[in-house]
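Going down the list, the sequences are from chains A and B. Counting in the numbering used here, the first sequence tops out at residue 615, every number present. Counting in the numbering used here, the second sequence tops out at residue 97, every number present.
There may be inaccurate statements among the hints.
Said to hold, decoys possible - Partial pick of chain B residues on the chain A-facing surface, computed with a CB cut under 10 Å:
1. Gln(-8)
2. Gln24
3. Ala77
4. Asn83
5. Gly88
6. Val95
As the list claims (entries may be wrong) - If we take Cβ atoms under 8 Å as the criterion, some of the chain B residues that face chain A in the derived model are:
7. Tyr25
8. Leu34
9. Lys35
10. Val68
11. Ser71
12. Ala72
13. Val73
14. Phe75
15. Ser79
16. Thr89
17. Gly90
Everything labelled a hint here was simulated from the structure, so no lab data went into it. Beta carbons: idealized from backbone N, C-alpha and C, even for Gly.
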Amino acid sequence: EPEVTQTPSHQVTQMGQEVILRCVPISNHLYFYWYRQILGQKVEFLVSFYNNEISEKSEIFDDQFSVERPDGSNFTLKIRSTKLEDSAMYFCASRRGGQTDTQYFGPGTRLTVL
Amino acid sequence: GDSVTQMEGPVTLSEEAFLTINCTYTATGYPSLFWYVQYPGEGLQLLLKATKADDKGSNKGFEATYRKETTSFHLEKGSVQVSDSAVYFCALSEIGNQFYFGTGTSLTVIP
């Protein structure tokens, strides 16, 4: 069964460093998403992406964040200058499109900012 | 705006006990409703969904009915197993839009 994959599973970085989290969505899906889950808190929406552009973003997704689909398979989330409060689990999700609303989530990348 | 309110945890049950996890929602339109499960160390897995009022989603012995009149989507299972120990998230989505998640309910089933 196709699934969303994410790498790395765990990333440790120093405050102020740039990180890139990678996702490979399900191959025939057209809509892509990033969410984050700070430890012990709810899963929060960051951004959605369709047709090579951002379609919606939350207040969390400020200028420090960017997303890109550099080729036909990867979908990346970049944090330019990490802060301690960026420590969280980051989930990528994809959706086929049309009237199908189910989003399929990857296993997540745990980001730890020291 | 849209939101999901989920029963606080943690919940601890003995094997074969009956499970209910309450979920209520607020939505501006006609959302689809979901339950996702997160096993230790893993990502979010879709457990079941319902796309319109009175629909019942079911999977692996879990059930939830979309109740528009009470804006609820409570998760139930008649007889839980140790392997059901996980965190359960209620969520809603209006087609094409972001998901709104509840805070998650941790379930531990003891033998």
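Verification of the hints:
Taken as an interface hint, Gln(-8) (chain B) checks out: its beta carbon lies about 9 Å from the nearest beta carbon of chain A, inside 10 Å. With 10 Å as the threshold, the beta carbon of Gln24 (chain B) comes within range of chain A, its nearest partner Cβ sitting at about 9 Å, so the hint holds. Evaluation of the Ala77 (chain B) hint against chain A yields a held restraint, the C-beta minimum of about 8 Å falling below 10 Å. With a least beta-carbon distance of about 7 Å to chain A, the hint placing Asn83 (chain B) at the interface is held under the 10 Å criterion.
The restraint placing Gly88 (chain B) at the interface with chain A holds, with a minimum CB-CB distance near 7 Å, inside the 10 Å limit. Interface restraint check: Val95 (chain B) against chain A, minimum CB-CB distance 21 Å, threshold 10 Å, status violated. About 10 Å separates the beta-carbon of Tyr25 (chain B) from the nearest beta-carbon of chain A, more than 8 Å, and the hint is not met. Annotation: Leu34 (chain B) was flagged as interfacial toward chain A, and the flag is violated, the nearest CB pair being 11 Å apart, outside 8 Å.
Interface restraint check for Lys35 (chain B): the shortest CB-CB distance to chain A comes to about 6 Å, inside 8 Å, so the restraint holds. Interface hint status for Val68 (chain B): violated, as the beta-carbon distance to the closest one in chain A is roughly 22 Å, over 8 Å. For Ser71 (chain B), the shortest C-beta to C-beta distance to chain A is roughly 18 Å, which exceeds 8 Å, and the interface hint is violated. With a cut of 8 Å, the hint placing Ala72 (chain B) at the interface with chain A is violated, because the nearest CB-to-CB distance is about 14 Å.
At a threshold of 8 Å, the smallest CB-CB gap from Val73 (chain B) to chain A is about 10 Å, leaving the interface hint violated. Interface hint status for Phe75 (chain B): upheld, as the beta-carbon distance to the closest one in chain A is roughly 7 Å, under 8 Å. With its C-beta approaching chain A no nearer than about 5 Å, Ser79 (chain B) sits inside the 8 Å limit, and its interface hint holds. Proximity of Thr89 (chain B) to chain A holds as hinted, the smallest CB-CB distance being about 5 Å (cut-off 8 Å).
Given hint, Gly90 (chain B) at the interface with chain A, holds; its Cβ is 7 Å from that chain's nearest Cβ, closer than 8 Å.
The structure fails to meet hints 6, 7, 8, 10, 11, 12, 13 from the earlier list, while all remaining hints are met.
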